[in-house]
Amino acid sequence: MSRRMPFDADTRRGLSQISLPFAFSILLLAAPLALLLAMSFWTQDFLTLDRTPTIANFVEVWNSPIYRTLMLRSLKISLIVTFLTVSLAYPAAYYMSFVAPDNRKALLVFLITIPFWTSYLMRIFLWKVILGYNGVLNESLMGIGLIREPLDFILYNQFAVALTLSHAWLPFAVLPIFVVMEKVNRSYLEAAQDLGDTPFQRFRRITLPLSMPGVVAATLIVFIPTIGDYVTPKLVGGSSGLMIANMIEVQFKNANNAPLGATLALMALLLVSSVAGLFVWINRRYLKEEGAA
Amino acid sequence: MKSRFVKLTTAVSLAALPTLASAQDLVVLDWSGYEDPGFIGEYIEKHGSPPNYSFFGEEEEAFQKLRAGFKVDVAHPCSQSVLKWQMAGLIEPLDPSRIDRWEDVNEIKESFKIDGEYYMLPTDWGTTSLIYRTDLVDASKMDSLQVFTDPAYAGRVSLPNNVDDVYALAFLATGVTDWTNATQEQFEAASAWLRKVHPNVVTYWADGAELAQLLTTGEAAIAWGWNETPTTLAGEGVAVASNREAAEGSSSWFCGYVNVADGPNSEDAMYDFFNAWMDPASAEYIVEAWGYGNGNQAAMKALGGDVLDGVGLGPVSAPVLAQSPLDNRLREQMISEFENIKVGF
Numbered sequence: 001m002s003r004r005m006p007f008d009a010d011t012r013r014g015l016s017q018i019s020l021p022f023a024f025s026i027l028l029l030a031a032p033l034a035l036l037l038a039m040s041f042w043t044q045d046f047l048t049l050d051r052t053p054t055i056a057n058f059v060e061v062w063n064s065p066i067y068r069t070l071m072l073r074s075l076k077i078s079l080i081v082t083f084l085t086v087s088l089a090y091p092a093a094y095y096m097s098f099v100a101p102d103n104r105k106a107l108l109v110f111l112i113t114i115p116f117w118t119s120y121l122m123r124i125f126l127w128k129v130i131l132g133y134n135g136v137l138n139e140s141l142m143g144i145g146l147i148r149e150p151l152d153f154i155l156y157n158q159f160a161v162a163l164t165l166s167h168a169w170l171p172f173a174v175l176p177i178f179v180v181m182e183k184v185n186r187s188y189l190e191a192a193q194d195l196g197d198t199p200f201q202r203f204r205r206i207t208l209p210l211s212m213p214g215v216v217a218a219t220l221i222v223f224i225p226t227i228g229d230y231v232t233p234k235l236v237g238g239s240s241g242l243m244i245a246n247m248i249e250v251q252f253k254n255a256n257n258a259p260l261g262a263t264l265a266l267m268a269l270l271l272v273s274s275v276a277g278l279f280v281w282i283n284r285r286y287l288k289e290e291g292a293a
Numbered sequence: 001m002k003s004r005f006v007k008l009t010t011a012v013s014l015a016a017l018p019t020l021a022s023a024q025d026l027v028v029l030d031w032s033g034y035e036d037p038g039f040i041g042e043y044i045e046k047h048g049s050p051p052n053y054s055f056f057g058e059e060e061e062a063f064q065k066l067r068a069g070f071k072v073d074v075a076h077p078c079s080q081s082v083l084k085w086q087m088a089g090l091i092e093p094l095d096p097s098r099i100d101r102w103e104d105v106n107e108i109k110e111s112f113k114i115d116g117e118y119y120m121l122p123t124d125w126g127t128t129s130l131i132y133r134t135d136l137v138d139a140s141k142m143d144s145l146q147v148f149t150d151p152a153y154a155g156r157v158s159l160p161n162n163v164d165d166v167y168a169l170a171f172l173a174t175g176v177t178d179w180t181n182a183t184q185e186q187f188e189a190a191s192a193w194l195r196k197v198h199p200n201v202v203t204y205w206a207d208g209a210e211l212a213q214l215l216t217t218g219e220a221a222i223a224w225g226w227n228e229t230p231t232t233l234a235g236e237g238v239a240v241a242s243n244r245e246a247a248e249g250s251s252s253w254f255c256g257y258v259n260v261a262d263g264p265n266s267e268d269a270m271y272d273f274f275n276a277w278m279d280p281a282s283a284e285y286i287v288e289a290w291g292y293g294n295g296n297q298a299a300m301k302a303l304g305g306d307v308l309d310g311v312g313l314g315p316v317s318a319p320v321l322a323q324s325p326l327d328n329r330l331r332e333q334m335i336s337e338f339e340n341i342k343v344g345f
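So the sequences go chain by chain: A and B.
The numbers in this note's numbering rise by one with no breaks, and the one at position 291 of the first sequence is 291.
The numbers in this note's numbering rise by one with no breaks, and the one at position 279 of the second sequence is 279.
Keep in mind the hints are simulated off the structure, nothing from the lab.
A couple of the hints might just be wrong.
[To be verified] A partial selection of chain B residues facing chain A, derived with a Cβ cut-off under 10 Å:
#1 E60
#2 I99
#3 V137
#4 V201
#5 V202
#6 Y204
#7 G218
#8 V307
#9 A322
[What the hints assert, rightly or not] The calculated lysine-lysine pairs, modelled on BS3-like cross-linking and capped at a C-alpha distance of 25 Å, are:
#10 A:K288 <-> A:K128
#11 A:K234 <-> B:K46
#12 A:K253 <-> B:K71
#13 B:K71 <-> B:K46
#14 A:K183 <-> A:K105
#15 A:K253 <-> B:K65
#16 B:K141 <-> B:K196
#17 A:K183 <-> A:K253
#18 A:K234 <-> B:K196
#19 A:K183 <-> A:K288
#20 A:K234 <-> A:K253
#21 B:K113 <-> B:K301
A virtual CB, placed ideally from N, CA and C, is assigned to each residue, including glycine.
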């Protein structure tokens, strides 16, 4: 007779299987987040960290226009990037799924991943070369006689940030939409055609609602990381294209104010989750109206 | 809580450090690019190989890394950081008796004396001045720092993304040549001047390579930058000139090595490293290859006035704002104000 165990064999196996992922999520997600939360209620004066809890940081973030401006600018750039990538990705995914012959699909997916062969940093520098004052774009436009002086409003601003980010995230938007489109049951389309739908009606009433989960996934995949992007504005944003992540870095480094940086990070997190939540909610309503959900 | 956090970060940084693990090798936390063996020929000769380097892109990065528990023997901050690093307990005093040419070390060493002890060996210095593209601007106007506010150069100006250099410019432009006794009003006047320049700025350059690229393409026609840039660019045939004798003046900066507290290795290697820097051959090398000055003032003098003038390190008749250590309160204000200005506030 073995000694009594608190759990039976199944429970023990279950617990041992879940313990590693659980420890990981505690250690790598919950603990840093808790630290961030705790830190946002502290204050720092030059080098000394004061652990008395206070909401002073939140008051400062709320009241000073600089953080609001950066937060709204990040939101704006990210929404533009999301809109651009998703609206460009949709036709590409549509072509891959509905138009291209089956034996070409694998090749097309492979082609979509080509930009990933180059490091993101390299791609940013390439955009600097393309958009620069004596860059590829300006030289070409001057070469064909469209402009006399180089355009100087195409690099080191929000436009350059939005363009570079859109280029980088486009493949990420194509893939989820493509995957969802692949699952659209083709016999629905045939049925719609048999019942007299025009190609446009067929698209609006079947393909679009059924591919909507892919669009939402693409929107979230692009929106969430771009709003907190740090390296793109740093390299191509100049001073007018700085975003909230750059300010968070400044607080942790140059300004010696980690608590304020933590508060800003937390507020950015809140902003992202609420906008992402809004996307999901709008999608639910849309699908309900279409009767697909 | 804190000690646990420090232990955790130390564990993580140690895990990421296999390349630095070989024992008895000096570990140097340095600016990227300073691993040039020409700076420390004597050390390499004696030890057979260069020390191990870990790099940073800006001093604050190095500061936060050291505070989080990163272990090195020697680090390379500039004048502004010494007091702050000392206050944070990151560095220990140097022993001047172990530096062979201590008498020849630039007299700026006295600025890094805290409570009677020396904390930094000044090793390298340079100047920051007005730089312009001779073919893109009216050279006759380049005799005053007020050109930075000229609307004719809107979108063609680049300033350093470095609070010390930028405020050196702003203080000079508003008539302050010694910032160690700047008043609150003078600080505010300098900030107001930077706000006036901001609309003209195309971007704030982060390092010499970026500035060189901005000037080469002509994206920036006027800049405030280190003397190394015009020296190198002129050598490459770019039509670039600098003017250290603009009416309001130019600035000079100093960097050096500090003895990081609790370094993992013996201090003998550290003093070998310091002595190698003070070797006259190293002085000659940094002037010729980099256009920067060396902290050995006797060796610099021996190079002769022509050589120094040629790289922009010779004496000038206009005012020079030396970037001497300044009150941390003022510096913290400068940092936060500069961030506001960059975002347009």
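Cross-check of the supplied hints:
{"no.": "1", "hint": "E60", "result": "holds (4 Å)"}
{"no.": "2", "hint": "I99", "result": "violated (29 Å)"}
{"no.": "3", "hint": "V137", "result": "violated (15 Å)"}
{"no.": "4", "hint": "V201", "result": "holds (6 Å)"}
{"no.": "5", "hint": "V202", "result": "holds (5 Å)"}
{"no.": "6", "hint": "Y204", "result": "holds (6 Å)"}
{"no.": "7", "hint": "G218", "result": "holds (6 Å)"}
{"no.": "8", "hint": "V307", "result": "violated (33 Å)"}
{"no.": "9", "hint": "A322", "result": "violated (22 Å)"}
{"no.": "10", "hint": "A:K288 <-> A:K128", "result": "violated (45 Å)"}
{"no.": "11", "hint": "A:K234 <-> B:K46", "result": "violated (42 Å)"}
{"no.": "12", "hint": "A:K253 <-> B:K71", "result": "holds (19 Å)"}
{"no.": "13", "hint": "B:K71 <-> B:K46", "result": "holds (24 Å)"}
{"no.": "14", "hint": "A:K183 <-> A:K105", "result": "holds (14 Å)"}
{"no.": "15", "hint": "A:K253 <-> B:K65", "result": "holds (10 Å)"}
{"no.": "16", "hint": "B:K141 <-> B:K196", "result": "holds (18 Å)"}
{"no.": "17", "hint": "A:K183 <-> A:K253", "result": "violated (48 Å)"}
{"no.": "18", "hint": "A:K234 <-> B:K196", "result": "holds (22 Å)"}
{"no.": "19", "hint": "A:K183 <-> A:K288", "result": "holds (20 Å)"}
{"no.": "20", "hint": "A:K234 <-> A:K253", "result": "holds (15 Å)"}
{"no.": "21", "hint": "B:K113 <-> B:K301", "result": "holds (24 Å)"}
In this structure, the earlier hints numbered 2, 3, 8, 9, 10, 11, 17 are contradicted, and the remaining ones agree with it.
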